[in-house]
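Q: Take the sequences, apply the hints, and build the full model.
Listed below are the residues making up each chain.
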Amino acid sequence: MTRWMLKGIFRDKTRFLFPFLVVSVGVALVITLMGFMEGVFMGMVDMTANLDTGHLRFVNKPFYEEEHLFPIDRALAGQQETRKWLVDNSHPQVVWTPRIRWGAMMDIPDENGETKTQTPVIGMAIDLFSPGSPEPDRLHLASSIIRGRAPAKAREMLVGYLLAETLKLKIGDTVTLIGQTFDGGLATGNFIAVGFIRFGVFSMDKKMAIIDLADAQNTFYMDDMVTDWLGFLPANIGYNEYESIRANIEKRLPELMRDPPQAWAKDDFPLILSILDQRNIGEITAKFEMVRGVIVGVFLFLMILVLWNAGLLNGIHRYGEMGLRLAMGETHLQLLFSLLQEALLIGIIGVVAGCLTGGAFTYFLQEIGINMGDAFAKSGLMMNDVVRARLSVAGFITGIIPGLTASVAGSLIAGLAIFKRSEANLFRELES
Amino acid sequence: MNIKSLCLFSLALSAVTVVPYANICAANPVKDINPQQLVEAIDRNFWSATKYIEGRLIIDNGRRVRTLTMETRMEGVVKSYSHYLAPARERGTKMLKMDQKMWMYTPQTDRKILIAGHLLRQSMMGSDLSYEDMLEDVKLSEAYDATIEKAEKFGDHDVVVLLLQAKDKTKTYQTRRIWADPKRNIVYKEERYAKSGKLLKRILHLDYRLIGDRLFPKKMVFRDMLKENTSTTYMFDKIIFDVAIPAKYFSLRILKR
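Sequence lines, in order, name chains A and B. Mapping to the working numbering: the first sequence position 291 is 291, numbers consecutive. Numbers given in the working numbering equal positions in the second sequence, counted from 1, plus 432.
Simulated from the structure, these hints should not be mistaken for laboratory data. Take these hints with a grain of salt, some might be off.
[As the list claims (entries may be wrong)] When the alpha-carbon atoms are kept at most 30 Å apart in a straight line, the in silico DSS-like pairs for lysine-lysine are as follows:
#1 A:84 - A:61
#2 A:207 - B:526
#3 B:688 - A:170
#4 B:533 - A:206
#5 B:463 - A:153
#6 B:650 - B:571
#7 B:533 - A:266
#8 B:533 - A:168
#9 B:630 - B:670
[To be verified] Not the full set, but computed from the structure, chain B residues with beta-carbon under 8 Å of chain A:
#10 495
#11 496
#12 557
[To be verified] From chain A, some residues computed to sit far from chain B (all C-beta separations above 12 Å):
#13 8
#14 73
#15 120
#16 165
#17 168
#18 237
#19 258
#20 286
#21 322
#22 352
#23 387
For each residue, glycine too, the CB sits at the ideal point set by N, CA and C.
A: Printed below as a string of structure tokens:
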């Protein structure tokens, strides 16, 4: 029966072509649009996670509440013990990474060693030198350094390229950091600027410097201390799972507080946060999901409208055929069901074509991307200059469902007109 | 009435009228006090053309207590040189302030670093004192106009509360309030305010002792009112007024010696 239906569909272009085009174009558009939105959104999430918040974050509450002031006196001590607890008590796929956020004055000397310029800077200390450390790759250091090289030994520093421009720094220049130690004393240290880095986020390019974690611990007298533990999850774990992973760790915190690491201060009180709890990412995610739902809904509605119209036209075109089939004894419901079957077959063919077209275009956008120039960098959002789509199973499902639904729904609504046909009038219609 | 009776009557009449009058005067002691002269008298105790101080800063940031040991030489209002002797981490750090600029030298960097402008108002070494607080020796009578607000008790002492208004509108502390003892010409408590009226610092002057003909506190307890649970005690272990200070101490070359 299906084969017979398919023959009938392909032989009658008027029955097939228009609905097929509508479904395939609609599905392709939905897949591409979803892929692009997903790519831009997840690009923002990933960049924010890599540069700032991690997917999960374990931080001392007093530090978190004043983190804009970089209160390193509220860092968490007992680095090894804390790492062990985190590894033992969290999802097996979480990779925990220590970091130090710091703030200091950067002083640039002239040829006589006197101060030439000074500016406050914000800093990130990451594990650059441990063998197998994922941090350089995670921050895309190699591709982000626009001049010079990555630090290769202690007391070397990467500087945001706009900051370097402001300070008129050259590769190899010595800079002096002046800040506060963990216990409030004076912290000073000389570093060599070995590379200028483009983060792609204006505020970071303008103000940030990166040094090795051990250098920060030496300079700020933070032996065995870090300000943040960032947890990173693989791409196959979606952001809607982060909250449950976070909650599982939070459940075990009371146990930790009963017997905390010895080096912790009495008033240390760690928090476990997901990326959705920080930087308004949760609100942005909710809005993104709402917008995505609206777009899919609008597409679905429009496709149903168009296909309903196509179904009506089809009904007019096949008026005689319907009458004949009714006269031959087919019931209204059987007739409607066969129309729905046809619509489903057309829908499946259109969906397959739409998936191939939309998928190919999304893949192209994923690999090549669109270069937005400085637009996003200047906006302050943590988004890469090159926005890419993201091909995903969810994107295909989001396209397939309205493609099939619209095709069937449109034919269903149009096919209801069949019930208005009366068998008693059939032969009169035939005669006329 | 005979003369004897007349004399006794006059005496009694005087007692009735003069004593209450005397009491009325005694009830308003501030009327007799010239606030500007009181501030000048306070300056004669506190201020000198030069000073040499050996002291300690005991810094309590609410979580731990650190003690810095240093020696300081001051000349006039805006020249000051400090050399930190302990603990080991801070040993060898030097600070030289001249006018509105301060240079800092640390052995770790082997460099002279300039700290100027608003940075001078930052906390010094994590203490409740700013660089400016530490290295400036303000002569109150020259920098401020004084008025009397009220008289009150401060512990067991009768004090007058003086309101000092800065003459220079660019001064960090536009207003100060001091609880001054008009008999001993000393200060027990001082509050320093920003231009907005916000209280920035509170200082207690404690354990006065006689040094030559001056009364000077053995310690001052500073509190940065913008922070919680912190205090810094400046212990004046040794202080010499009007000491000859060689010019080399106020030259940049001293920093790297």
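Q: Decide, hint by hint, whether the structure agrees.
A: We went through each hint and held it up to the structure:
Taking the CA atoms of residue 84 (chain A) and residue 61 (chain A), the gap is about 20 Å. The hint holds against a cut of 30 Å. With a C-alpha separation of about 29 Å, the suggested pairing of residue 207 (chain A) with residue 526 (chain B) holds against the 30 Å cut-off. Distance restraint check for residue 688 (chain B) and residue 170 (chain A): the Cα-Cα separation of roughly 26 Å lies within the 30 Å cut-off, and the hinted pair is therefore satisfied. Restraint check for residue 533 (chain B) and residue 206 (chain A): the C-alpha separation of about 27 Å stays at or below 30 Å, so the hint holds.
Distance hint between residue 463 (chain B) and residue 153 (chain A) is unfulfilled; the C-alpha atoms sit about 72 Å from each other, more than 30 Å. Between residue 650 (chain B) and residue 571 (chain B) the alpha-carbon distance is near 19 Å, which keeps this suggested pair within the 30 Å criterion. A C-alpha spacing of about 40 Å is found between residue 533 (chain B) and residue 266 (chain A), which places the hinted pair above 30 Å, so the restraint is violated. Using a Cα cut-off of 30 Å, the hinted pair residue 533 (chain B) and residue 168 (chain A) holds, with the two alpha carbons roughly 23 Å apart.
The suggested pairing of residue 630 (chain B) with residue 670 (chain B) is violated, with an alpha-carbon distance near 33 Å, which exceeds 30 Å. For residue 495 (chain B), the interface hint holds, since its Cβ comes within 8 Å of a Cβ in chain A; the closest pair sits about 6 Å apart. Evaluation of the residue 496 (chain B) hint against chain A yields a held restraint, the C-beta minimum of about 6 Å falling below 8 Å. The restraint placing residue 557 (chain B) at the interface with chain A holds, with a minimum CB-CB distance near 5 Å, inside the 8 Å limit.
Non-interface call for residue 8 (chain A) relative to chain B: holds, since the shortest CB-CB distance, roughly 83 Å, exceeds 12 Å. In this structure residue 73 (chain A) is not separated from chain B by more than 12 Å, as the shortest Cβ-Cβ distance comes to only about 7 Å. The Cβ of residue 120 (chain A) sits about 9 Å from the closest Cβ of chain B, inside the 12 Å cut-off, so the non-interface label is violated. With a least CB separation of 22 Å from chain B, residue 165 (chain A) remains clear of the 12 Å interface cut-off, as annotated.
Residue-level check passed: residue 168 (chain A) sits 17 Å from the nearest beta carbon of chain B, beyond 12 Å. Against the 12 Å criterion, residue 237 (chain A) stays outside the reach of chain B, whose nearest CB is about 38 Å from its own CB. With a cut of 12 Å on Cβ distances, residue 258 (chain A) stays outside the contact zone with chain B, its closest approach being about 22 Å. The non-interface label for residue 286 (chain A) is consistent with chain B: the shortest C-beta to C-beta separation is roughly 36 Å, beyond 12 Å.
With 12 Å as the threshold on Cβ separation, the claim that residue 322 (chain A) sits away from chain B holds: the shortest Cβ distance comes to roughly 84 Å. No Cβ of chain B approaches the Cβ of residue 352 (chain A) within 12 Å, the least distance being about 66 Å, so the stated non-interface status holds. No beta-carbon of chain B is positioned within 12 Å of the beta-carbon of residue 387 (chain A); the least distance is around 40 Å.
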